[in-house]
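Protein chains in written order, with the numbering used here: chain G, 1 to 144; chain W, 1001 to 1489; chain U, 2001 to 2481.
What the hints contain is simulated information worked out from the structure, not anything from laboratory work.
Treat the hints with care, as some may be off.
[To be verified] Here are some chain U residues pointing at chain G (derived, C-beta under 8 Å): (1) Met2132; (2) Ser2191; (3) Pro2280; (4) Asp2401.
Note that CB positions come from ideal geometry on N, CA and C, so glycine has one too.
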Amino acid sequence: MFDVEKIAKLARLKIDGDEVKTILPQLEEIIRYVEALNQIDTAEIDGYTRKPAPSGRISGIYAIPGRYTRKSTPSRRISGIYAIPGRYTRKSSPSGGVGASHADTVLRADEPLPPTDPQERLRLAPSQKEGMFFVPKVIGDGED
Amino acid sequence: MKNLCHLTAYEIREGYKNRAFSVTDIAKAVVAQVEKLSPKIKAFLYFDADEILNRARDLESQAQRFEHNPMFGIPIAVKDNISIRGIPTTCGSRILEGYKPVYDASVISSLKNQGALIIGKTNMDEFAMGSSTENSAFGPTLNPWDLERVPGGSSGGSAAAVASRMVPTALGSDTGGSIRQPAAFTGILGLKCTYGLVSRYGLIAYASSLDQIGPMGRSVEDLAMCLEAISFREKRDSTSLDDPLGTKYLDNFKTNVKGLKIGVPKEFFNEGINPDMRESVYQVLKDLEALGAIVEEFSLRYISCSLPSYYIIAPAEASSNLARYDAIRYGLRVPGENIIQQYENTRGAGFGAEVKRRILLGTFVLSAGYYDAYYLKAMKVRRLIKNELTEAFRKYDFLVTPTTPTTAFKIGEKTQNPLEMYLSDICTIGVNLAGIPAISIPCGKIDDLPAGVQFMGPQFSERRLLSLSKAYLDATGHHQIIPSLLKEN
Amino acid sequence: MEFELVVGMEIHAQLRTKTKLFCGCLNRFGDAPNANTCEVCLGHPGVLPVLNTAVVEKIIKAGLALNCSIDPLSQFARKNYFYPDLPKGYQISQFELPICSGGFLEVTDADKKLKKIRLRRIHIEEDAGKLMHEGIKDGSLVDFNRAGTPLMEIVTEPDFRSVEEVYDFLTQLRQIFRYLDVCDGNMEEGSLRCEPNISIRPKNSPELGVKVELKNINSFKAARKGIEFEFARQSKILNEGEKISQETRGWDENKNESFLMRTKEEAHDYRYFPDPDLPPLRVDDEWIEKVRRTMEELPRNKKERICREFKISDNDCDVICSEKAVAEFYEQTAKACGDGKQAANWVMGDVLRVLKTGGAINTFPITPSRLSGLIKLVADGKLSSSMGRQVFETMLTSSEDASTIMLSRGLGIVSDSTAIMKTIDEVISEFPEQVQQFLSGKDKIMAFLIGQAMRKMKGKADPTVMNRLMKERIETLRGKT
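Could you put together the complete structure from these sequences and hints?
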């Protein structure tokens, strides 16, 4: 099941033959262990899969129960993993934002920071030329 | 005069106020202690005595400026995954050997601005992945209580530095128990705060939704002093939060335990936990009852899912966070004929076995065809765990559990089987998944090795956790234990 | 067999903000390599992203202009892959929950009918750095100035059926973006990039064919050529009984053909997951309303309003409104001089003529208020149109207003009867033959005589007065002969 070589390629990790022999059973054991989660019924948490949202509709984990349009503001609480709490006070516990954070949208003003000397950062480069970072022959292409 | 190294941060602060000694005196004592014990304990990856003494002198000359800062002149060691500008930061890894950050982590800026005396960078499991500090690329740190045992991990260096009285306080980081478990193994206190209370800007990321920086020390007051200096809303960290009650922790202890409701989840007291450890914690519960608390057993149905859930989520986030180590902008470079070879060679040589395991695991659980069954499932279970804990805190003020299933294990004892190593985090991990705060404090000894008890509270209950800890430790004195290694020192 | 072209588009637009998407570095082109970088956009260990509010505003604007639903809750996701221009080894984008969904733009199809091109989504993402290969031995150089700059990605449904529709769509999109100050819309410079997804199917077939993604399109022309080439290539394959493979192909502008870049099997597995460093993006109705109320006028609205307010023709309006800066120049001029038609003539005829030789409208040497002064002089009859043009030319290099120039050079219209009559008499004495011809019935000679008089007066005579007086004088002559 676990194709170490394929995953290692995805992760750009070099794993030689001996390492594979050791690592593969360890990984398989861990995977068997974590598969215990399959026994847990998580139906009460809204489900979603990794498909781009169909036009105009939010589904799944971030689902806001009830219909909403550009006009209406959802008035009911959002459920699911990424639930944004409604207003919370010292008494009520928020039900959680992203992961463990309860932070709501954080925004920064569009104001530039004072300029700094790029040399400071270039100095860290394992290899640089003409003020740029040097890399060996690039094969393959960038993102789609 | 008592060896200055045995003073707590609070006592040092009092000493400065009374002019009993100077910052330089303290700095010299620290340097002497580190130089004496380092060869045995190996807590530090970076330690520069001259820098420390110079800084101490500078601080002294500016004492006026820091009059109101509790952390002025207080020695604090920093785990090597927290960036300090211009100082080597390795994360315990070869891939960052020689790397010197161009910026200070927020907590470091804050400590510097408050006149703290930063003492070097401490050893850790590589990229915070581990529970023993044996995964450090630079060799393990040893437990001051028994040099053949691990100090715990991943903040083992910080724990050992505090326990061996090299420094009164240290910063660690906690993703699944990495502050609390080493604190328990070395007989000191360690606090993992509410997720978001301490800025992660400058903390080299392992698992972003779980990581938190936190203080380690030998007294509740010391933790409070440290926490005051490092908890604030940070604009460079989008997950950073404000404590709605403000950030004064030090003079805010309410040690009346009467009527407090303590929940005891029975899942933390089953056969997975060493019987002596269970006994120790039962004793803690009795002590709390004697102080007036109401103790009640209950069940947390989903808590046993913490470990499997964590070992999907954390490696997944880590596999993404560690993709930046690619030999282009900083860090190790092992050349190759082309870019792909350079990536593979560098990452193959630069990362240790545990890091590779977690990257592979993480890449796997996010990959096409497996995402839903693993990552998504784990996130849903995480939600169940969190909801359940939130429910529990409607009924109970605190939950009390052992911090670890056993006392410190021997070096090499669990390195053959990764899963066995993971199981040592079984008591601490749920806390990170839920983003709630938890503290580990000493609760006595088992066969001459320290045992730790864990108090958990709801979000933003740091003040109350510290108060409860203070009440318990004032009554029992367990925080005053000293490793025999130091009795001669 | 006859095939139908089916195209969907993926468009990336660089947003015009001062700073990058997640850090305070300048979002600016043309500076020294790596000058606009910091530890955040370079992906140093320990850094974290913080969202730029201006980016959200610009996307809301674009979404409103394109009739999208602005979703109150959207989420950032990590798109993981390795490439040297991608500092963190992942791009922060939006996947399951984009900020805008739905929407449409109306285009004119090949039969000159209006049709809707539906949008699927618009989302926010960061750009990567730039790789330089030219002339570098054994490797490449990376400049991260562009890394972390904000992009808007627009995905359409596969609604296009002809290159005309695509062209119209891109033209309108560019215009809307420039009007809203959201993006420069310059494909050659890379601020607007498009990737058509092209497939074909037998006419009247309901199923979609296998799609091919075409990259490296750097101009509207290339988009057209690329799509046409692909249509031909795919038609040939199907006609030969073969199957089309789902591929990513690149457009070669020199050879005018597409080449294989990546097969479906080699497609990346991006392992998308929600970015734990960024809370969900909440956009409430209040924010959307505020943007709607304060956003710039859309091209179609400006055009409709200008046409109506200043009563000029549809075609004239098209020309004037094709660039917002020109439309604004026109509007200011028209308001100041009070004559929309005249303002249109002068702007289209003279201002745009000069601009063709170089320069930009916002640095045009004649401001709308100075131009309107000139227009008023002509409209009020104080300056003839030909003299007006002379004044215009002078105004290009002088900062004086039209009236001053007219007076100082004596270019104004002469209405003085005595002066005109004097010239008329001169003409009559110089051209006795033509006078006779007129008196004997050749009415058209009047124009010649007037023309000569005008020439003598250097075109400055008031034509109405000239006409009247010429007639008068000649009639008196009629009496005498």
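Cross-check of the supplied hints:
1. Met2132: Status holds, d = 7 Å.
2. Ser2191: violated (18 Å)
3. Pro2280: Interface hint status for proline 2280 of chain U: holds (6 Å vs cutoff 8 Å).
4. Asp2401: violated (39 Å)
Comparing the model with each numbered hint stated earlier shows that hints 2 and 4 do not hold.
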